[in-house]
Amino acid sequence: MKKTLSLLLFGFFIISVGFAQTKKASVKDLAFMAGKWTLKHEWGDMEEFWGAPMGDNMVSTFRCVKDGKVVFYEFMVIEASESMPVMKLRHFNKGSIGWEEKDKPYLMPAIKITKNEVVFESVDKTVRITYRRVSTVKLDCILDEKDKKGTWKKDIFNYSLSK
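For the sequence shown, the positions run -20 to -1, 1 to 143 when mature numbering (1 follows the signal peptide of the UniProt record, and there is no 0) is used.
No lab work stands behind these hints, which were simulated from the structure alone.
Don't be surprised by glycine CBs; every beta carbon is placed ideally from N, CA and C.
Check each hint, because a few of them may be wrong.
[To be verified] Beta-carbon label-pair distances, calculated as ranges:
id: 1; residue 1: 11; residue 2: 127; range: 29 to 37 Å
id: 2; residue 1: 50; residue 2: 95; range: 33 to 41 Å
id: 3; residue 1: 114; residue 2: 80; range: 27 to 35 Å
id: 4; residue 1: 12; residue 2: 48; range: 28 to 36 Å
id: 5; residue 1: 36; residue 2: 131; range: 30 to 38 Å
id: 6; residue 1: 47; residue 2: 94; range: 32 to 40 Å
id: 7; residue 1: 48; residue 2: 106; range: 28 to 36 Å
id: 8; residue 1: 120; residue 2: 75; range: 27 to 35 Å
id: 9; residue 1: 87; residue 2: 122; range: 31 to 39 Å
id: 10; residue 1: 27; residue 2: 75; range: 17 to 25 Å
Required output: the full structure, derived from the provided sequences and hints.
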């Protein structure tokens, strides 16, 4: 009897964990990212605008300007998928010259979402971007990239909410 009860409880636990891990995340869970975020950085003055979730998506524009000249731009969308939102990213040089091929945005599915944090990871697992809301007026963007030797490099962008 004890053995049967233990097996039933263990089975219930395994099923519960399985259901918890398959919870569908929504783009609305990323509302903490919305706002106009700015910072001064060695790369240049940065501005990242995230629109609030609308339907099954969010959009963002980014620009980096140094000494009054554009360094590069980004356009990002986050769209709902079967289980977790997916960031689709495109980079542009001055003149709106795209880096990625027109039908191949850089894809980064979310791999972790909590109340004030989301982690996106590239399909090839060489890049992670974490957005973490650290206060009502601060948003950190953490860029982790693997170099050609497989060593991780980390850049942290401490954005402030701008009006």
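Results for each hint:
1. At roughly 34 Å, the beta carbons of residue 11 and residue 127 sit within the given window of 29 to 37 Å.
2. With their beta carbons about 35 Å apart, residue 50 and residue 95 fall inside the hinted range of 33 to 41 Å.
3. A hinted range of 27 to 35 Å for the beta carbons of residue 114 and residue 80 is consistent with their spacing of about 30 Å.
4. Checking the proposed 28 to 36 Å range against residue 12 and residue 48 shows it holds: the Cβ atoms sit about 32 Å from each other.
5. Distance hint check for residue 36 and residue 131: the Cβ-Cβ separation is about 37 Å, which falls inside the suggested range of 30 to 38 Å.
6. Evaluation of the 32 to 40 Å hint for residue 47 and residue 94 yields a pass: the beta carbon distance comes to about 38 Å.
7. Hint check: residue 48 to residue 106, Cβ distance near 33 Å, so the stated range 28 to 36 Å holds.
8. The hint said 27 to 35 Å for the Cβ distance between residue 120 and residue 75, and at roughly 31 Å that hint holds.
9. Evaluation of the 31 to 39 Å hint for residue 87 and residue 122 yields a failure: the beta carbon distance comes to about 19 Å.
10. Look at residue 27 against residue 75: about 19 Å separates their beta carbons, and that is inside 17 to 25 Å.
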